[in-house]
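There are 2 protein chains.
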Amino acid sequence: MADLIVSALHASLTDRALNSMNFLNEISHHYPDAISLAAGRPTEEFFDLDDVPRYLALFAEHLRAKGLDEAAVRRTILQYGRTKGIIHELVARNLAIDEGIQVDPEAIVVTAGCQEAMLLTLRALRADATDVLLAISPAYVGITGAARLVDLPVLPVPDVDELLAVVKAARADGLRPRGFYVMPDFANPSGLSMDLPTRHRLLELAAAEDLLLLEDNPYGLFPADGVDRLPTLKALDTERRVVYLGSFAKTGLPGARVGYVVADQTVDTGGLFADQLSKLKSMVTVNTSPIAQAVIGGKLLDCDFSLTAANQREREIYAGNLRALTDGLAARFPGGEVTWTVPSGGFFVVVTVPFVVDDALLTKSAQEYGVLWTPMSHFYDTDAPINALRLSCSAVTADQIKAALNRLAALISDQLVL
Amino acid sequence: MADLIVSALHASLTDRALNSMNFLNEISHHYPDAISLAAGRPTEEFFDLDDVPRYLALFAEHLRAKGLDEAAVRRTILQYGRTKGIIHELVARNLAIDEGIQVDPEAIVVTAGCQEAMLLTLRALRADATDVLLAISPAYVGITGAARLVDLPVLPVPDVDELLAVVKAARADGLRPRGFYVMPDFANPSGLSMDLPTRHRLLELAAAEDLLLLEDNPYGLFPADGVDRLPTLKALDTERRVVYLGSFAKTGLPGARVGYVVADQTVDTGGLFADQLSKLKSMVTVNTSPIAQAVIGGKLLDCDFSLTAANQREREIYAGNLRALTDGLAARFPGGEVTWTVPSGGFFVVVTVPFVVDDALLTKSAQEYGVLWTPMSHFYDTDAPINALRLSCSAVTADQIKAALNRLAALISDQLVL
Chain G
1 MADLIVSALH ASLTDRALNS MNFLNEISHH YPDAISLAAG RPTEEFFDLD
51 DVPRYLALFA EHLRAKGLDE AAVRRTILQY GRTKGIIHEL VARNLAIDEG
101 IQVDPEAIVV TAGCQEAMLL TLRALRADAT DVLLAISPAY VGITGAARLV
151 DLPVLPVPDV DELLAVVKAA RADGLRPRGF YVMPDFANPS GLSMDLPTRH
201 RLLELAAAED LLLLEDNPYG LFPADGVDRL PTLKALDTER RVVYLGSFAK
251 TGLPGARVGY VVADQTVDTG GLFADQLSKL KSMVTVNTSP IAQAVIGGKL
301 LDCDFSLTAA NQREREIYAG NLRALTDGLA ARFPGGEVTW TVPSGGFFVV
351 VTVPFVVDDA LLTKSAQEYG VLWTPMSHFY DTDAPINALR LSCSAVTADQ
401 IKAALNRLAA LISDQLVL
Chain D
1 MADLIVSALH ASLTDRALNS MNFLNEISHH YPDAISLAAG RPTEEFFDLD
51 DVPRYLALFA EHLRAKGLDE AAVRRTILQY GRTKGIIHEL VARNLAIDEG
101 IQVDPEAIVV TAGCQEAMLL TLRALRADAT DVLLAISPAY VGITGAARLV
151 DLPVLPVPDV DELLAVVKAA RADGLRPRGF YVMPDFANPS GLSMDLPTRH
201 RLLELAAAED LLLLEDNPYG LFPADGVDRL PTLKALDTER RVVYLGSFAK
251 TGLPGARVGY VVADQTVDTG GLFADQLSKL KSMVTVNTSP IAQAVIGGKL
301 LDCDFSLTAA NQREREIYAG NLRALTDGLA ARFPGGEVTW TVPSGGFFVV
351 VTVPFVVDDA LLTKSAQEYG VLWTPMSHFY DTDAPINALR LSCSAVTADQ
401 IKAALNRLAA LISDQLVL
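These protein sequence lines are chains G and D, in that order.
Quick note, the first sequence lines up with residues 1 to 418 if you use UniProt numbering.
Quick note, the second sequence lines up with residues 1 to 418 if you use UniProt numbering.
Since the hints were derived computationally from the structure, they do not count as laboratory data.
Check before you lean on any hint, since a few could be wrong.
Heads up, the list lumps identical chains together, so a pair's fine if it works in one copy or across two of them.
To be verified - Okay, derived cross-link-like pairs now, DSBU-like style, lysine-lysine, Cα gap no bigger than 35 Å in a straight line:
1) K364 <-> K402
2) K402 <-> K168
3) K402 <-> K66
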């Protein structure tokens, strides 16, 4: 007999959101020889183990330049530390330079990856059973999963145009929308971006409806060739309507697991929303590893706070791969039966096909065709069949993209014949 | 008008457990010149920044010795990684050597500090509103805080002798005790340890009542001089009744923020409880920073998996400080009005006085007497007045202990006169 019965554990453990992540991880382990257009991890081309001690040394030097003696430098990097983090001032300078976001460093909580930033934000906002989160749909699995962990239902919003209707319907049902989660730049999984008028309209709507916007921006620094970046919602936010969720996984170093949240909202009992999130963080991870923070801090110092500059080579790789992906799709599917998005940046292309794309098809694709991708059904919080799949181009070479597309084309044409 | 109203946020934010941590942090920042017998952090005497690259290099070498090529070594340390961690095999070897615990590495989840291990475990166990956690009382604030974050009420258990009565009363009230949290070795805050017969009795009770034991062991490696360590509950556990919560903050390096949980319980849907915790972890921190894990992994390799050996100097410091603390109390309070525990190890001594010890008294102590300590009231989940305070001896010198005790004696004698 088993020691524990899963049905007596928290409901999230049997939820599709959490098992989806698991399934996708397992299949890539199970078919290591398949070419993966599934993985959204950053390119490893420029990884260098020597960067770690170099960044640590730069950060230590920065502390010395600020006047800390050797004991204080050691303590800052090696001891328990400030709950809100030790690189908040460096992150604020990075936001000013790369994003035009001006923010009080005290409004920043440095987190154990952006995932913890999401969890803290949703935990704070979920007070009772009438609370709901609105999220752009399809949505990143991590936000749905974090919502599950705090028992916060997610209402899908297909489009900013439909936001008001969803808010009104929720309120009519006695529900309290606590925030609207969006990824305005090169979104995961859709690849889509919001145009500037939509951004302004969304901020106006948020003000009119007293809604908090949760802006997630892991891919903003990676526009396609010739594309000008648009200002983030947070850069346009004059009324503290936006909680900004930041990641260094794609622009810094994934192995540091350092992210952050900008929460400059005032609270009635004093201080900032960031201080409330900090109280929660002290019960989740206590503080983000200062060694890991020092690595990211050193990288920020190394690039004079411009991760745009530091990621020039990476941006070119991603832009080239994105072009290879969409050009390759165009060359292989001239008929119109298969369509796809042409994103203005980021890692992801969504391919729509005239048949249902599910986990069984992915398993078949891995096993018989040697190519991995992600069924779009994983990004919808419903059991409805979905005719689309997500391709990622961040962790592959141009040659791998070519071979993978050939295999995908074979799979699709075999499916079309069936 | 404030942007957010705290009363509309999660209830934990106004809870004493979370605000306690905050208050204690703030007061130590506010009175930086006061001597602190409050801080439970490890000694900084042997901190060395050069250890970080040295440990990283040792871990990289270990990966090469396992047959990984350079790209795989870089990927393991710098890329996103396995949710359950990359040093699980090293942790298992450490547990075998230091604790006599034999465990399948697959049953280990490496976490962003032991705090995340607690949160994951409580999140998994809290399924509905009838669930409660039993915890030894007084208890570490972190377990109470983590319970608050998952809306899990905590029932205090003053003593193993009273466990059965608390379990029965809870069940009679329609509640479902999901686990019993204990720190059998040199506990925070009580300083007390369970004797061997009590450990055996507790395991028998757990089997008879079908209870999970959550064993937290951050201080086990630090017995007082001449004290023999007792086996942990997990080492005595033949029926997988114990979830073991591990920390490297005191024995490894606090700045790495690496802990772990051993969850070898089987579950009815297959796999181990660790695999369920891993699913939750993917929505809390995705994975523990592999850079931070590599630092701890390198330290484990460096000491041939014996943190007991690696912490010989630290153990001597703590044992000496503990003696200085209890001897110093004996010299200053011969009368019997003031009493204290004489722990067989760890960082903490509890002093009982004939007056109420609250935050106001702590503030007075900091301001007028220049000494910090922790009111024991912070470790009880109740508003009842408590006549005791906790002294910590881990982050001070013998001279600081002397001066701090003089100041504390002045405070206490002034209070006795009042």
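To see whether the hints hold, each was checked on the structure:
no. : hint          : verdict
1   : K364 <-> K402 : within (20 Å within a copy, 72 Å between copies)
2   : K402 <-> K168 : neither (47 Å within a copy, 66 Å between copies)
3   : K402 <-> K66  : between (51 Å within a copy, 33 Å between copies)
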